[in-house]
Every structure is written in C-alpha cells, then in structure tokens.
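K.L.:
The primary structure of each chain is shown beneath.
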Amino acid sequence: MDFRFTEEQTMIFETAASFLAEVSSSADVRKNVLTDSGFDANVWQQVCESMYWQAILIPEAFGGLALGYVEAIGILEQMGERLFQSPFATSSVLATTLIGKLASEQQQAQLFESLLAGSVATIAYTTARPDWRVSSVSVSAEEVAESVTLQGECRFVPHAHSADIIIVAAKTGVDGMSCYWLNSASEGVQIERTPTLDQTQPLGRIVFDNAVIPSSQRLGGLGQAELAFTDVLDIARIAAAADLVGVAQRSLDMSVDYAKERVQFGRTIASFQAIKHKAADMMLKAESARSLLYYAACVADEWLADRGPKQALAEAAAMVKASAAEAAFFNAGTGIQIHGGVGITEEYDIQLYFKRARAGENYLGSPASQREVIARQLLD
Amino acid sequence: MQISFTPEDERFRQEVADWLAENLSGEFAHIRFRGGPGDEHSFVEARKAWECRLASGGWTCIGWPEQWGGKNATIEQQVIFNEEYARAGGPGRVGHIGETLTGPTLLAFGSEAQCQQYLPGIRAGTALWCQGYSEPGAGSDLANVRTKAVFDAPSQQWRITGQKVWTSLAHESQYVFVLARTDPESVGHRGLGFFLMAMDQPGVTIRPIPQLTGTAEFNEVFFDDAVCSAGDIVGQPGEGWQVAMGLLGFERGVSTLGQQMLFQTELDEIIRIAKENGAAADPHLRQRIAEAHIGLRTLRYNSLRMLSGGNDAALGREAMIYKLSWSSWHRNLGKLAMDVLGPEAELIHAAPYELNRLQSLFLFSRADTIYGGTNQIQRNIIAERALGMPREARGTQ
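Those sequence lines, one after another, are chains Y and V.
Numbering-wise (the numbering used here), the first sequence opens with residue 1 and increments by one.
Numbering-wise (the numbering used here), the second sequence opens with residue 1001 and increments by one.
Bound-form chain Y, shown alone:
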C-alpha cells in the first residue's frame, strides 16, 4: 500500500506538464477551436512521435510502453488543466483498452500498429438520448455468413469526424452485444461533427446506413462483448474524471491568482474572508476528487491485471466520476464568481473551464446517476 508516485511516474508527469504548457496555451486552445478537427494535428503528431503517449497502454509485445492507468490518469489530469485538445482519452485510453480486452492477437497487432503510427480511434455506442450505460446501445448488427451489416445511429461520439478507426458497440441477436471495428471511410458510414457548447472537446454523429464489413472485424465472441464493454465504460469514467480534476485544479489556481491581483477598497480581494473561504472550499473539492482519482487509477491497474474484487471497478468509477464532476463544476462556477465581471467575458479563460466542466459533468453519466450506481450496490 503506497499512495506515492514512483520517480519514473513523477518524471513522466513533469515532462507532460512542460510539454502541455508549451503546446496548449490559451491562444493555442482558442486557435484550435476554429480548426476542422478541433485539435492541432501537428501537436498530435508530436504527442505520438516525441512523447509516445499513444503507446502508454499498448502491451510491449505490440510495440507499446505497457505502462498503466496511473500514468495515463496523471497525464489526463494535466490535459484537463491545460484544456488540451486531442484524441488521447478517446483513442489512446478507451479504444486502446477495449482492443486490449476484446481483440484477438492478430487484430491487436493490426490495430495497435495503426494507433502507434498516430491513427485516431473512437468508440461509438450512444443512442439518441443516452443514459450512458450499456443499455444505451441501439445500433444493430446482423451477421450473415462472413459479413456483418450495421444499421443505426450513434450520437455524442468524441472525435467522430477525425477518427480513422471506429469501434462500434451493436446489438446482435435478442440480448447479445458485440463490438466491431471499421475504417471510418467505409461505405455506408456517414459522419458529421455536431457543434458543442464546450468547444474544446468535439463530438460527432455517425450514421450506419447498411454498412457492410467482414465479420473478421468483430472484436471478441458474437454477442459476448457486454461485460468487457461495461468495464471499458468504467475506465472511460475514470479517464473523464482525471480531466475534470485538472479542470477543478486550474479553475482554483486561476481564481486565486486573479484574486491576489485584483484590488478593491484598497486591498486585494484575496484578503477578504468571503473570497478566501470560497477558495478553501474549492481546494477541498479538488483534493478530495484527486484522492479518489488516485485510488481509482490503482483499481484500474488491478482490473487490467485481473486482480481485485469484481465490484471494485464499477464502484471506483462511479465514485470518482461523481466527485470530480462536482468539483470541476463547483470550482469553475465559483471561479467565475471570484473573477467578478471579467469572469463572463470571452477574454478570460475561466469561462472555457466552466464549459469543459459542464460537458464533463454529464458525459458518461451525471453525478446523480453515478450516486445511484453506488446506492444500488449499497441498498438493493
């Protein structure tokens, strides 16, 4: 039992901090919002070539770094701090986790090679009005002989329009669920970007209009993806929480910095208890969520190694998602209040964090829905 980072982990995070400070300034973030992909393709290339972050969760046998979720989560936290725009969470954490869990050795070799080279993968499963659970899956897949026909629509798909590889969760048969991978340029697949309130994290809509793919592109057994997919969604919640902890932390830091400079009544507003106590509450929220986050990262690593109690991943994911989402929204919202009038201007960054916090709050399940997950474990 040790809740400290190793020296190697600390080094990774320090490198990440300085890299992100360089490539994800406020000006960078605002510039990227206007691009087609929503992120800077050159920076993503740098991430893949110099930082090699896309390889963190890829096993060594396939050329990856075979590190763990503690490393991934620590980097995601810093990405949240910098509002970093990239498909890292979607492609290098979620899709990579799913492939590692479900794909055959041959599929892993092929897909990981592509991801290591910088391709972007996304996961599509959410229907018109998702509750973000596995039951949200509505695309149907029909396997006949050696081919599969996909029919249906997915919304709220992160980085859909810039993905090279789509992994789709689909209903097969009466109550089975299967996952398939396909090239985003496949025939019968239409993708469009759906403009979002938080401009730093693009979403898209994917329509499968009788898209036909070979059944060799199924990941795992027919109708047997549900358990693995459920777990991957919990990993996704932990990853999203990491970003939100970063948002919570940065909202606090920016607000405190501002309060130390802003003078009213002949003193900085940071000297008023009304402001100090708000800041203290913000730190409490951020640190509390962070404590749960590090726990959840450890649980994710145990899960990856097939260790630890069965319920632990779902519990950890629900706890940290609820806590981090509330911390981020509270801190960004309180941050606007501390900023006063300038907090609602376009010029100041706090509004960008506020929007990212809002997006993350609902994504993959609201705090209330996550608490209900816990309530079911405790009370039913």
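Under 7 Å between C-beta atoms, here's a sample of chain Y residues computed to sit facing chain V: (1) 279; (2) 283; (3) 284; (4) 295; (5) 379.
Hints were generated in silico from the structure; no laboratory data involved.
Remember, it's a predicted structure, so these values are computed and weren't measured experimentally.
Cβ atoms here follow ideal geometry from the backbone N, Cα and C, with glycine treated the same way.
Since the structure of chain Y is already known, use the hints to place chain V on it.
P.N.:
Just chain V now, kept in the frame of chain Y:
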C-alpha cells in the same frame, strides 16, 4: 502507487485480528463499539482495564521505537492495526492522548529523562493523559493563553495558575500537558511553555460541562498554584508554541484510519435501518446515502495520501483539508441518520434523556466542526498556508 498490501502486511493483519478476536471477548465483550467521541463517558473502568490488556499483548504504542516498548511499526502496519481494531469493535481508547499526542511529542521534543519518566506508563496503559490547550479566552485564538507558569527557585518547581476548558477525560487522567505563559509580558504565541503535570494534586480542580446530549464528555480544569518539577517543561521556556504545534501535527496521523472505521460502523447502521424501514426506496435519501459512502471513501484515500507523504509532522495539502473534510462529512452523517430514521428519530429510549447512538451522533457531531479548529479557522488555514492568500488582520488587544 498501489493499493494492495504486501503478504507480510496481510500476515500482520491476521495476527492483529486473531489477538483481538481472542481478547476482546468475555469480560470485555460489553465494551465493543463503545466509548470514543460522543460516548466517552461510557464504561470507563472497563475501558481502563482493556487498555492494560492491550498493553500486555504488546498492542499499545506500536508505532513507537522498540527502545520504548513499541514495535517500530510501519505506517502500513499502523493503518492495519487501526483498521482491524475498529473492525473488531475495539472500544474508544482511554489512552489515546498519551499514545498519540504526549508520546510522539516527548520522542520529538522531550529530554531523555522525560521519556524515561513518562513513556513507560503510557506504554503500559496505566498512565492516562488529557490535554490542556483551550481556555475560555483561547478557543480559535489558541495562542491567547492566559494561564501563567512561574518558576519558584527555592522549591525548584513551576507554579501554574489559570483555567483550561474542553478537556476530555480529565477526571480519569493521571496527567495533563499544559500550555502556559512563562513570560508574563508576552502576548500571542511567544513566551509560552509546554508543561507535563500530575492531575492528582491540591491545586487542580475539575468541573464537568454538561452538554446538549445530556452527558458530560468535556471538563473545565482549574489550576491554582498547581505544581510540576523543573524538569517537567518540554523544550525551553518560550518554546511552548513550537512544541504545541508539533503535537497538533501528530494528531492528524494514523489514528484517522481508525476514526474512519468507526464512521463506517455508523454508516453501516444507517444503511441497515434504511433497508429495514423503507428509507432505502426514497430517491433523495438514496442519493444522500451514496454521497455519504463516497465521502467516507474519499476520507480514506485522502488519509492514505497524507500518510504516504512520510512520517514527519509537516502538514501537506492533503493534511490541511483533512479536518474540514471529516468534520463536515460526519456532521452531515448525523443529519442523514435522523432523516433515515424519520419520525422515530424524535423518540428517545427513556426519560430523562437517554439517547440511542444515532441521536447522540446527530447532536454531538455538531461539535465536530468546532473543536480542534472550527471550519472557519480551517478555511483560513487552507487559504493562507496552502493557497498563499493574505493573512487575517489581527485586532489590537
């Protein structure tokens, strides 16, 4: 970073659990889950005997160096001990102030002679301690100490006069540590001394403070020319504040994990009742119970982060938020207990004022956000020390 314990630690856990299962039975069965904050007045004699039983098994002061009878237990082992102790229903420790406050303070700041004189009694579970910090005029403003200590050269004794308040277990303790002013001209945190004193002497008077629960956990302690010897000051005259602050650092240590296990038994009781009386079906209460569960787990991992930071008393960011977070959580739990009980919450066991555990929890948890530094003081500390915001202006006295 990892959450699993080593096989060696797991063996230690088994050893603790086995010993407790064997010993916390028979004559001690009735004190399981008793004592502790809000229930400190219960079964004191039996709990004193239990303290000696613990000591004879080698389970007091396990974190101390072997030289002083400890096991030099690692942080992990201390965490495990506290967890197993609470899981087994180990009663609130009457010796906890000596073990967790006096002992570490003497080991860090005391002389060899002081360690020789005082540590063995604490280790044996026979010498109980209470603390003399707060005063009527020194609550949140802890440095505003008025109690005076004067050195009497002919008798080579310190003579102490003044009043302390909010002293738990004062009437059961043999010793008290006292923060008193050695320099009569001084104000604030300068000019203080940290003294070790016997309670059983003519100059010490104890008066219980009846509280909203109908019980009296705290006392007022009056010193009227109470004495201790020249060797009973820890550090030099004028260094009392540094010693006192070091001690408060120890207070936020491994015992937090044991405290959380007690919280867990309270939450488990609330969950049990909710399932029984139908409250578990109420969507709003479900949310709050889940929130309580998440909050308690947050306290746990926050503590583990805090403890992984090392053995010293220096306060990290996690440590600074700890008091504010547990006190708010526990106070909310008290209210949750009432809301889960519903109408039944209003009916007590018997007149004149015999409460059940959850009613005591509800009432006494209002003290949590006040003692040991109010939530408002905690927020000042966080803002000033962790976030570097300007300090509060001091009034002139």
